[in-house]
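Quick mapping for you: the protein sequence lines, in order, are chains Z and W.
Start counting the first sequence at 1; every next residue gets the next number (our numbering).
Start counting the second sequence at 132; every next residue gets the next number (our numbering).
These are computed hints drawn from the structure, not numbers from a lab.
Fair warning: there could be bad hints in the mix.
What the hints assert, rightly or not - Chain Z side only, calculated, beta carbon under 7 Å to chain W, not exhaustive:
| no. | residue |
| --- | --- |
| 1 | Val41 |
| 2 | Val64 |
| 3 | Glu120 |
| 4 | Tyr124 |
On a predicted model such as this, the values are computed, not experimentally measured, just so you know.
Cβ coordinates follow ideal geometry from the N, Cα and C atoms, glycine included.
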Amino acid sequence: MENDFPKDLKYSKDYVWLKKENDVVVLGVVKPGVEQVEEFVFVMLPEKEKQLQKGDVCISLEAVKWSGEITTPVIGKVVDVNMDVFNNPSLLNKDPYKNWLIKIAITDEKELTQLMNANEALLYYQEKLNA
Amino acid sequence: MRVVIIGGGSAGTTCAFELRKLNKKIEIVIIEKANHYEYSPCALPYLINDEISDFDKIFIYQKEDYENNNIDVLLNSEVYNIVDNKVLYKVSGVEKELPYDKLILATGAKAVVPKIDGLSEVDFYQLKTVADFKKIKAGIQKGSKSVVIGAGMIGVELASVLSQQEEQVTLLEQEKNILPNMLDKDMAVILQDFLTDIKIIENAKISKIVKNEIVMSDGKVNFDKLFVCTGSMPNLDLAKKMTLKTNEGIVVDEFFQTSFDNVYAIGDCIEQKEFNSGKTVVSQLGSLAVLQARFLAANILGNKQVWEPIVNNTVSKLGDVYVGSVGLSETRALALGEKIISVKHSDFLRSKYYSEKEKISVKLITDYEGVILGGQIIAHGEVAGQLNLLAMAIKQKNTVKELSNLENCYNPAVISVLSPLTVASIVAEKKVTFLKNN
Chain Z
1 MENDFPKDLK
11 YSKDYVWLKK
21 ENDVVVLGVV
31 KPGVEQVEEF
41 VFVMLPEKEK
51 QLQKGDVCIS
61 LEAVKWSGEI
71 TTPVIGKVVD
81 VNMDVFNNPS
91 LLNKDPYKNW
101 LIKIAITDEK
111 ELTQLMNANE
121 ALLYYQEKLN
131 A
Chain W
132 MRVVIIGGGS
142 AGTTCAFELR
152 KLNKKIEIVI
162 IEKANHYEYS
172 PCALPYLIND
182 EISDFDKIFI
192 YQKEDYENNN
202 IDVLLNSEVY
212 NIVDNKVLYK
222 VSGVEKELPY
232 DKLILATGAK
242 AVVPKIDGLS
252 EVDFYQLKTV
262 ADFKKIKAGI
272 QKGSKSVVIG
282 AGMIGVELAS
292 VLSQQEEQVT
302 LLEQEKNILP
312 NMLDKDMAVI
322 LQDFLTDIKI
332 IENAKISKIV
342 KNEIVMSDGK
352 VNFDKLFVCT
362 GSMPNLDLAK
372 KMTLKTNEGI
382 VVDEFFQTSF
392 DNVYAIGDCI
402 EQKEFNSGKT
412 VVSQLGSLAV
422 LQARFLAANI
432 LGNKQVWEPI
442 VNNTVSKLGD
452 VYVGSVGLSE
462 TRALALGEKI
472 ISVKHSDFLR
482 SKYYSEKEKI
492 SVKLITDYEG
502 VILGGQIIAH
512 GEVAGQLNLL
522 AMAIKQKNTV
532 KELSNLENCY
542 NPAVISVLSP
552 LTVASIVAEK
562 KVTFLKNN
């Protein structure tokens with residue numbers, strides 16, 4: 001797991017990575033989370049322009065024997081969704097960092113400072129997944 | 132009434148026997164230029180690798196079958212014209228004529244020889260006839276560098292059986308993937324992973340052939356033996372001589388009537404409508420030939436049935452992998468301007484606890500309403516049943532919702548309890564719903 005958390009990203013405790021890119025925050029799923037799922041078969045993405053509050057379910061993921069939801073750790077408006085992943089969910093399995101899920105225009109950049117950095121995320125997920 | 136059938140292949144022979152089942156009195160004559168009765172051309176690759184060991188068994192009808200059904204067969208007889216409702220033909224150089232009341236052209240297709248600089252200067256094999264097969268079989272040599280040009284069905288099957296005979300096989304395809312008329316690239320990649328004994332070169336642009344070297348735009352390939360499998364086209368020589376209406380194939384209506392009264396055509400020599408696109412296509416499938424033969428036999432005897440557009444339900448076996456497709460591929464649908472949804476799903480073929488070695492991959496193509504347009508399946512097991520199911524679903528314009536609610540059969544030794552087609556249908560349905568609401 002040691003190399004599973006790129007240094008330039010921020011992380012939530014719900015398997016989400018985030019990256020500030022100009023005026024938006026890009027959001028995806030972390031590799032240790034993806035690795036627990038054999039193959040994603042469906043990804044339900046939110047509508048563009050949807051307003052998200054912290055903790056809102058914004059994405060549903062489904063595999064043959066599993067389904068789960070992703071909650072947003074930031075407040076903002078959905079400005080883009082990755083239709084490549086919608087059309088081919090197995091892209092998430094192939095590279096969860098290259099294949100982002102949504103982009104959010106956030107209202108308060110300080111929310112990002114409350115998220116974990118790569119080292120913190122590594123320790124957190126090592127403990128979580130080894131428990 | 133005398134019915135004369137030109138061509139004793141699958142279409143012509145099946146039609147003859149169907150006519151006899153429906154009417155015991157009419158005169159039925161098959162005129163065939165080869166020196167043998169009908170055989171199964173689709174079996175030829177499997178004779179090369181000895182999957183079929185007995186050559187004689189591919190001749191489905193024996194002489195006594197024709198005699199028992201009072202069907203006259205004129206072998207070694209080549210038709211050279213049709214004049215005044217008479218078939219003009221030659222036997223051993225002697226000209227003869229045979230009047231008809233109904234004439235059926237079942238003249239089949241011929242292998243295409245592409246225009247490649249230098250091809251005419253070298254020896255090469257094709258696989259279309261019994262003679263072709265015998266030549267290939269006699270030339271099998273372990274370790275021989277064999278290059279197959281063309282990765283359509285015949286090319287891939289040939290490459291597969293040659294590699295099983297331990298020849299070093301390279302397969303060249305000018306399109307972006309093998310089986311371009313059947314598979315999208317993503318499914319072709321899955322298939323290629325199983326064809327490990329074949330070196331596959333896609334996007335191969337051949338400039339010329341010089342002695343035993345194929346020069347491509349970005350490389351060269353040497354060969355000991357060369358096989359050309361670049362498709363086949365309807366045999367239109369006689370039809371054109373008769374001035375029948377032809378395009379890519381003989382033009383027929385929905386009852387297989389040509390542009391001449393009392394002249395019909397079926398099988399590989401005709402063109403016909405494709406179901407999803409409405410376009411006219413040529414399609415050389417044995418299953419279509421025999422089905423058309425049954426329809427035409429009924430039509431000729433007054434029990435008219437309309438021939439519907441086709442969905443090109445195609446299947447093959449390559450080693451221990453089965454591959455098939457039906458309807459539109461994603462590539463084809465997009466080229467036609469269709470807005471489509473596609474879902475690909477891979478799983479274990481049988482229950483995982485029964486066998487982890489055998490896999491299956493399915494791909495479904497639907498429109499935005501969830502109506503099934505096409506499907507592709509690759510599996511270590513029988514796929515024909517699932518393809519036939521999809522063929523019916525496409526023609527009935529069933530939706531993925533209906534397919535997902537199908538009552539499947541199940542046994543862990545046979546198929547997974549969650550049929551991959553069902554899973555793909557469920558996912559496709561979710562996509563349809565999502566796209567409708569967004």
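Each hint, compared with the structure:
no., hint, in the structure
1, Val41, "holds (5 Å)"
2, Val64, "holds (6 Å)"
3, Glu120, "violated (35 Å)"
4, Tyr124, "violated (32 Å)"
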